[in-house]
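Build the full structure now, drawing on both the sequences and the hints.
Given next are the chains, with one letter for each unit.
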Amino acid sequence: MRLLFCLLIISLQIRAQELPKHTISGTVRASGSGESILRATVTVEGKNIGVTSNDYGFFSITLPDGAYTLVISAVGWETKSINIYLHDNLQLQTNMEQQGARLGEATVTAQARGRSIRGTQMGVEHLSTKEIKNVPVLFGERDVLKTLQLLPGVKPVSQGTSGLSVRGGSSDQNLILLDEAPVYNAAHLLGFFSTFNSDAIKDVTLYKGGMPAQYGGRLSSVVDVRMNDGNNQDFHVNGGLGLISAKINVEGPLQKDKSSFLFSARRTYADMFLKLSNDSSVNKNSLYFYDLNAKLNFTLGSKDKLYLSGYFGRDNMASQDVFGLNWGNATSTLRWNHTFGPRFFSNTSLIYSYYNYKLRINNNGSNFNVLSELRDWNIKEELQFYLNPRNNIRAGFNAIYHTLNPGVLTGGAKSGVNDTAFQKRFGLENAVFVNNSWKASDKWNISYGARLSIFSALGKGDFYKMAPDGSILDTLHYKGGQVVKTYVNPELRLAFSYQLDPASSLKVSYVDNTQNMHLISSTNAGFPTDQWVVSNNLIRPEKSHQVSLGYYKNFREDTYEVTVETYYKALENQIDYRDGANLLGNGTLETELLYGKGRAYGAEWLVRKKTGRLTGWVGYTWSKSQKQIAGINDGKWYNAVQDRTHDISVVGMYKLNPKWMLSANWVYTTGNAVSLPSGKYKEDGRTVYYYSERNGYRMPAYHRLDLSATVQLKEKKHFSSELSFGVYNAYNRNNAFIITFRDNKTDPSKTEAVQTTLFGAVPFISYNFKF
Amino acid sequence: MKHSIIAAAFFILTTSCQKVIDLKVKDASPKYVIEGNVTNLPGPYTVTLSRTTPFNTSWQFKGVGGATVTISDNLGNSETLQESQAGVYQTTGLTGVEGRTYALHITVGELTFTASSTMPHQVNLDSLYIRELVNFTKTVKAAVPVFTDPKGQGNAYRFNQYINGRLDKSLYYQNDDFTDGLTNSFALLQPDPDSTLHVNDRVEVDMQCIDKAIYEYWFSLDQSSNGDGSDIPANPVSNIQGGALGYFSAHTSQRRSLLVK
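The listed protein sequences derive, respectively, from chains A and B.
Going by this note's numbering, the first residue of the first sequence is number 1, and it counts up by one from there.
Going by this note's numbering, the first residue of the second sequence is number 1, and it counts up by one from there.
Read the hints as simulated data drawn from the structure, not as lab findings.
Quick reminder that beta carbons are idealized off the backbone N, C-alpha and C, glycines included.
Hints may be right or wrong, so weigh each one.
Chain B is faced by these chain A residues, among others (derived, beta-carbon under 7 Å) [as the list claims (entries may be wrong)]:
| id | residue |
| --- | --- |
| 1 | Gly416 |
| 2 | Gly679 |
| 3 | Lys680 |
| 4 | Glu683 |
| 5 | Ile738 |
In silico negatives: residues of chain B with every beta carbon more than 10 Å from chain A [unchecked claim]:
| id | residue |
| --- | --- |
| 6 | Gly65 |
| 7 | Ser84 |
| 8 | Val97 |
| 9 | Gly109 |
| 10 | Thr112 |
| 11 | Leu128 |
| 12 | Thr148 |
| 13 | Gln254 |
| 14 | Ser257 |
Given below as structure tokens:
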């Protein structure tokens with residue numbers, strides 16, 4: 001009897017092991033538009049098994065045959081349950097409904113999961129277009145980068161501008177991607193408006209630390225901006241008219257369900273009012289920007305999808321006929337998604353990115369133009385292998401060919417200057433990476449991987465041997481395509497997460513990053529004429545090593561999220577400039593550079609309320625960012641310009657009733673580190689200021705309150721409109737932008753310190769429509 | 001330049017404003033400041049030795065007396081300067097010659113400061129004329145010094161402009177990186193748009209041909225040390241060794257003047 005029982009058990013075991021496995025795969029989409037949904041979780045009800053949809057909405061889960069209920073959820077969407085019986089590979093296209101769409105008001109749903117407690121990803125913030133929509137920003141413009149600045153660990157380099165300093169890094173240390181294309185100047189009008197037209201944006205993800213291995217090339221952050229694909233069901237137009245700019249967005253299907261297009265445009269027109277002036281010194285000035293986003297996508301059968309997207313933006317600043325500066329980016333991306341079977345997803349991208357500026361001077365005996373440009377050709381391949389529900393492997397490569405043309409000065413015979421062309425610079429930036437996201441146990445999730453960065457500086461060009469004081473000892477001539485120097489840097493990417501209980505976890509990560517494109521900018525704020533340079537025999541790759549630790553807890557069924565993260569970043573080969581460096585119009589720019597170390601560390605606290613009538617967050621960051629460079633500050637550690645000890649932001653959005661939404665935000669930050677004189681002297685009656693240290697002082701503290709209200713005017717099936725109005729800097733605080741010095745007019749022996757404020761209280765109003 | 005462009009752009013559109021504020025800074029221990037010039041015009045030439053004034057106090061010339069100051073040239077001539085008042089030392093017999101390299105040597109207490117400067121060959125200031133041009137939103141008059149840069153990069157110039165006898169406090173300097181071999185057409189434009197030359201002003205321009213190190217000094221001073229909103233405030237790149245601020249310049253000097261019509 002016992003023997004028979006044993007045999008039965010054994011045979012049952014054998015039967016269980018022989019159960020075949022099949023894969024459920026497909027794309028998660030929004031019903032009504034067909035837009036793919038990123039980061040949707042697909043879990044098996046009752047079991048601790050699940051996967052997440054990727055950047056294209058694709059997911060794949062391999063299970064033993066049997067009956068299951070799949071639960072698909074994503075932030076802002078109604079959770080969906082699907083019963084399936086798995087006996088063969090299954091293609092599942094899921095259409096998700098907008099949360100609360102039927103009810104017409106925000107409701108608290110138990111499944112409104114904000115973020116992954118379980119996953120290893122830390123140091124990350126996601127912004128959906130809905131969240132950006134209700135935060136008041138400068139002049140009422142919905143600005144993705146300005147909204148990111150309201151989160152802990154992210155600050156503007158200079159208040160009012162959109163250059164970002166993430167965890168103490170400088171503005172060039174952020175990899176800003178628009179549909180995978182790097183954007184070099186992510187700011188319009190000297191940084192007061194960002195390059196991203198929020199109507200066309202589907203998702204923004206910011207990595208402050210713990211960057212996954214598929215990203216590389218910048219030390220401090222990745223800002224991954226994804227555009228909408230374009231509604232493949234119906235045509236829609238939406239647009240807006242504000243105090244400063246007008247915008248329009250048109251999208252629709254080319255072939256319903258299969259292909260669609262999206263086109264959006266934006267232009268500022270505030271300068272048109274200048275033309276109404278009778279004063280010729282005013283009516284010939286211009287200050288405007290415009291941008292265009294376009295996208296086409298095609299589904300070619302069940303395995304392939306093709307996307308073509310483009311961006312073109314231009315800023316123009318001119319003062320009569322004497323001075324003109326215009327600049328802008330153009331990017332285009334061609335991507336091909338292909339599935340090699342249900343577990344294997346591939347994305348191949350071909351990317352082109354171009355940035356230039358043109359300066360025109362026609363005054364003071366000179367009449368010349370300067371053109372400066374940079375061009376990237378980029379090919380990227382990413383493979384994702386969903387081995388099983390516990391292992392998700394990613395691997396790929398990325399190759400970018402950089403061409404930099406720093407300056408071409410053309411004047412001609414009567415221009416007062418000689419035509420000059422600085423030599424072009426070339427670089428080949430390659431990387432290969434591999435990563436596995438491994439669900440090691442019920443409580444442990446581990447992501448481990450590595451990226452290898454290989455950079456080669458190439459000819460044609462002259463490269464220099466330099467003495468420590470910057471003088472050139474020898475010039476080496478290289479032919480086109482010849483390798484001047486190659487740098488190989490391995491990068492480790494590790495992340496661990498330990499689930500304390502279903503609503504809280506502890507995470508730790510370690511990442512290395514290498515950067516081979518460097519922005520030479522004395523302001524650190526990103527002026528359009530700042531110069532990008534590639535690594536070469538004198539300029540070494542910058543490197544960073546960041547360790548971070550975090551604690552995450554969700555309260556009250558995910559209504560509240562609490563995040564505490566601390567980090568320490570060690571930086572190598574950081575660049576600063578010799579005293580009196582000539583950074584503009586210098587053919588041998590690399591001889592003006594000094595190198596050293598950096599360190600940045602801090603702690604970030606964030607409490608967020610995600611659902612209910614009142615939503616928003618309170619964030620606090622304590623941080624420090626310093627450099628140590630031989631030749632500056634006597635070789636002692638000094639505060640980086642972007643060092644700001646305290647940073648507080650309070651953001652609230654309150655849905656008063658179905659028609660009215662009120663929002664407010666208040667920010668407080670310690671001033672930037674700044675160099676102030678500690679003495680003075682006169683030469684020939686001219687006052688010269690004496691500086692005994694670098695960045696030993698602070699600008700005054702910055703704080704401001706912004707208020708806004710949005711009222712739904714019409715909400716019909718085929719037409720809706722809303723009006724937004726409010727005030728930026730509501731209590732008119734005179735925040736210091738810069739402090740300058742001058743002799744007192746009546747007594748020149750006395751010195752006056754003068755503070756300039758850029759913006760007092762600025763009201764705004766804008767009208768938006770959709771049909 | 002950058003900050004004035006930013007300010008210009010936004011003065012058009014926004015509500016920016018300026019105000020005088022009270023600033024408290026730490027006073028550093030005073031540093032020595034040296035100003036020394038040797039020209040090709042007849043002497044005497046002056047070298048001043050003084051100390052910096054704390055930032056919040058009124059500036060005063062704090063001359064340092066009792067120092068030993070010598071100027072020598074590369075042909076072996078040397079002269080010890082005579083102190084005329086505390087901190088002011090003057091030559092008696094020295095006459096500057098184009099092409100020679102002059103060395104300054106100062107001993108004060110236990111400290112030694114040295115500097116060296118080579119007087120370039122004179123490029124003639126042929127004439128002056130007045131031009132009208134646009135400065136931001138205003139039309140102004142400014143003087144143009146006419147001279148032709150010799151072919152071959154490496155020439156540098158500095159100009160002092162005197163309007164009705166008073167020194168214009170702006171710094172004017174130029175090198176031939178982009179103008180090699182050309183006749184100058186750049187005017188001495190005062191940065192403040194409200195400043196202009198008026199009819200009947202007497203303008204005198206002193207054109208100086210300076211060496212590379214002194215050009216660096218004036219360039220870095222204008223970029224970083226004149227308090228008008230530099231990107232990175234710092235001390236000028238001095239050609240003085242030993243830890244003093246200031247400069248020692250051997251340059252040619254030529255003046256021309258003009259009455260503005």
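Hint check results:
no.: 1; hint: Gly416; result: 4 Å, holds
no.: 2; hint: Gly679; result: 4 Å, holds
no.: 3; hint: Lys680; result: 6 Å, holds
no.: 4; hint: Glu683; result: 5 Å, holds
no.: 5; hint: Ile738; result: 5 Å, holds
no.: 6; hint: Gly65; result: 17 Å, holds
no.: 7; hint: Ser84; result: 18 Å, holds
no.: 8; hint: Val97; result: 24 Å, holds
no.: 9; hint: Gly109; result: 19 Å, holds
no.: 10; hint: Thr112; result: 20 Å, holds
no.: 11; hint: Leu128; result: 13 Å, holds
no.: 12; hint: Thr148; result: 12 Å, holds
no.: 13; hint: Gln254; result: 18 Å, holds
no.: 14; hint: Ser257; result: 18 Å, holds
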